[in-house]
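**Q** Required output: the full structure, derived from the provided sequences and hints.
Chains X and L, in that order, give the protein sequences.
At position 238 of the first sequence the residue is numbered 238 (the numbering used here), and the sequence of numbers has no breaks.
At position 144 of the second sequence the residue is numbered 144 (the numbering used here), and the sequence of numbers has no breaks.
Keep in mind the hints are simulated off the structure, nothing from the lab.
Keep in mind that the hints are not guaranteed to be accurate.
Here are the simulated DSS-like cross-link-like pairs (lysine-lysine), alpha carbons at most 30 Å apart as the crow flies [to be verified]: (1) K261/L with K119/X; (2) K119/L with K261/L; (3) K50/X with K112/L; (4) K217/X with K112/X; (5) K111/L with K238/X.
Each chain is listed here by its residues.
2 protein chains.
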Amino acid sequence: MNEGVIMARVFNFSAGPAALPLAVLEQARAEMLEYQDSGMSVMEMTHRGKHFSAIHASAMALIRELMGVPDDYAVLLMQGGASSQFAFIPMNLVTDRNQTIDVVHTGMWSKKAIAEGRKFANVQVIASSEEANFSYIPAQSEWTPTPGAAYRHITSNNTIFGAEYHWQPEAGDAPLVADMSSNILSRPVDVSRYGLIYAGAQKNLGPSGVTLVVVRKELLGRNPDLPQMFDFSVQAEKDSMLNTPPTYAIYILKLVLEWVKAQGGVAALEQRNIAKADKLYAAIDASGLYSCPTRVDSRSRMNIPFTLADDALNAPFLAEAEAAGLVNLKGHRSVGGMRASIYNAMEMAGVDALVDFMADFEKRHG
Amino acid sequence: MNEGVIMARVFNFSAGPAALPLAVLEQARAEMLEYQDSGMSVMEMTHRGKHFSAIHASAMALIRELMGVPDDYAVLLMQGGASSQFAFIPMNLVTDRNQTIDVVHTGMWSKKAIAEGRKFANVQVIASSEEANFSYIPAQSEWTPTPGAAYRHITSNNTIFGAEYHWQPEAGDAPLVADMSSNILSRPVDVSRYGLIYAGAQKNLGPSGVTLVVVRKELLGRNPDLPQMFDFSVQAEKDSMLNTPPTYAIYILKLVLEWVKAQGGVAALEQRNIAKADKLYAAIDASGLYSCPTRVDSRSRMNIPFTLADDALNAPFLAEAEAAGLVNLKGHRSVGGMRASIYNAMEMAGVDALVDFMADFEKRHG
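**A** Now the structure itself:
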């Protein structure tokens, strides 16, 4: 810590970009001017040199290890966020304009996947919780899949409405594609069930600006004349180094992955995430002031929306929370009230502080 | 500086990602754990909050100020590097597969623009220096433009072969599109001559992972059904915040732009860049050991390739240079020998150290 500077780190409940582990930021700070024996910052390094090549290889190996990625899957690091994948995925997997993309519609992100998918194929909504403001995940028994669909798309956790899959779908006759942006690495996943998994980094993986894609190799190369940057097969062949990658974002990703491993891996983080979420939901359910709109079987461990009995209390709640060092709690306008995003990097101490604050606020205003 | 840590920063002649101003890295280090009164790192901030919004707005305003961008141009910050622009630009500017893209072919980057452009239109090479290993820039009088071309593309500086435009082309009857990745902000440019200017950040603007596009507004909206992330008109309308932008890269970009302004702006940097390049070319021309393959009227101020009279001396040159703290001098395999990239952030002290080393090496080995 810099001499004479009093740091005042807050508990940051942002939905994304989101809190990072303090240890990661401290290491990044220590290495900012000189990485190892390189004489320069990671930001200044050629991506073809030995230092960055080692960072890149380490990030790739850690993804495979922590997620248990089978050998017949390619791991890609791309740019443009999940929003670009809404186009890249149909460009790579749809081979004919008349094919159908099946989508399970569970919120704003699946809505965007639908809108972009329609530019490349027919899109069939095979299940939806829209009628209940996306407050639950439709069971697989309620799906009406299209035979021979190009692929079948789910959003494994809904950041805005706070609904999460607590079961892994059966793939069926079409490759299962999952946007895991907001719960990746928060719980073990059986990668072999999926044709393709993708995730923007800025919730559980690192800073914004790098996007993870894990794709079964047999799905590569369906469309030969794609622009190279959009082509998963070219990116796989070039190990995501076709052009200059977002080097600093990948360096931070590597540090986060090392931190995940040091915590005991994804299974250990899952236990911690369950404990954090359970504590917050219990506090909400026990209170007379707070309530959570999400159906109990679909409640997200990552994003926990809750409303106050009186909307007039929202402003004082947010102001007093911020004064107590609890920030970015304002809910998305489509749900209202509050939202606490408690990704991997949120410590139990942050949840404890929030629960204590909520109880105290209720005592004074409830 | 951390107590007890001896920093050993080198002079980094990397072609990109490249050296950044030390003051920028020092500020990034100081703010890594807590940006202003936010209680968090810039990497952890929601892009919709007041702190990041101010960073983003400041970066946008500084680009306009430093480049003198007219009001009828949009400034975009995108992801994917210049390589993605090789596809995005024809997707946005070509309206019919039978149209023609004119390209002035001056090296590896124009070659890639040609290859990607052919996926969307006819591509006509209207001038080329390929027959001379791209060692010069063809004069505009040698161009054979296609009447009614969708656009006319140049690469303002060739990173690999070290040839740079020292004149600004006349636009003619088609919008002039320029890949300025490797000399942007190194010299004043009359933006109004161009329909579109683009640049990956990792040479003169900041870290990799953010791409600048400056585009005349009347060129927007030609193709209505593009994927939103690729659509310049949507990106302009959303002020490049359609989805989560690469926030940390934009923060560093802002710091670099502030540094450029503090140096006296682009005109002042141009004078320094001329002095740096003149000194290095003079040393090469005066020596019996070193020579530069680039035609004198096209010699780049940013990337200076030079060969040694005896290729057997390449390995000792690189090893001794590295031991002297002068790194990343190995030339690209298509030219051989050495390449010194001396972007804005390379101080005169670095050029002096290189020139001194070269003279000493010649004395011992020449």
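**Q** Taking the hints in turn, state whether each one holds.
**A** Here is what the structure says about each hint:
{"no.": "1", "hint": "K261/L with K119/X", "in the structure": "violated (43 Å)"}
{"no.": "2", "hint": "K119/L with K261/L", "in the structure": "violated (40 Å)"}
{"no.": "3", "hint": "K50/X with K112/L", "in the structure": "holds (26 Å)"}
{"no.": "4", "hint": "K217/X with K112/X", "in the structure": "holds (26 Å)"}
{"no.": "5", "hint": "K111/L with K238/X", "in the structure": "holds (18 Å)"}
Of the numbered hints listed earlier, those contradicted by the structure are 1 and 2.
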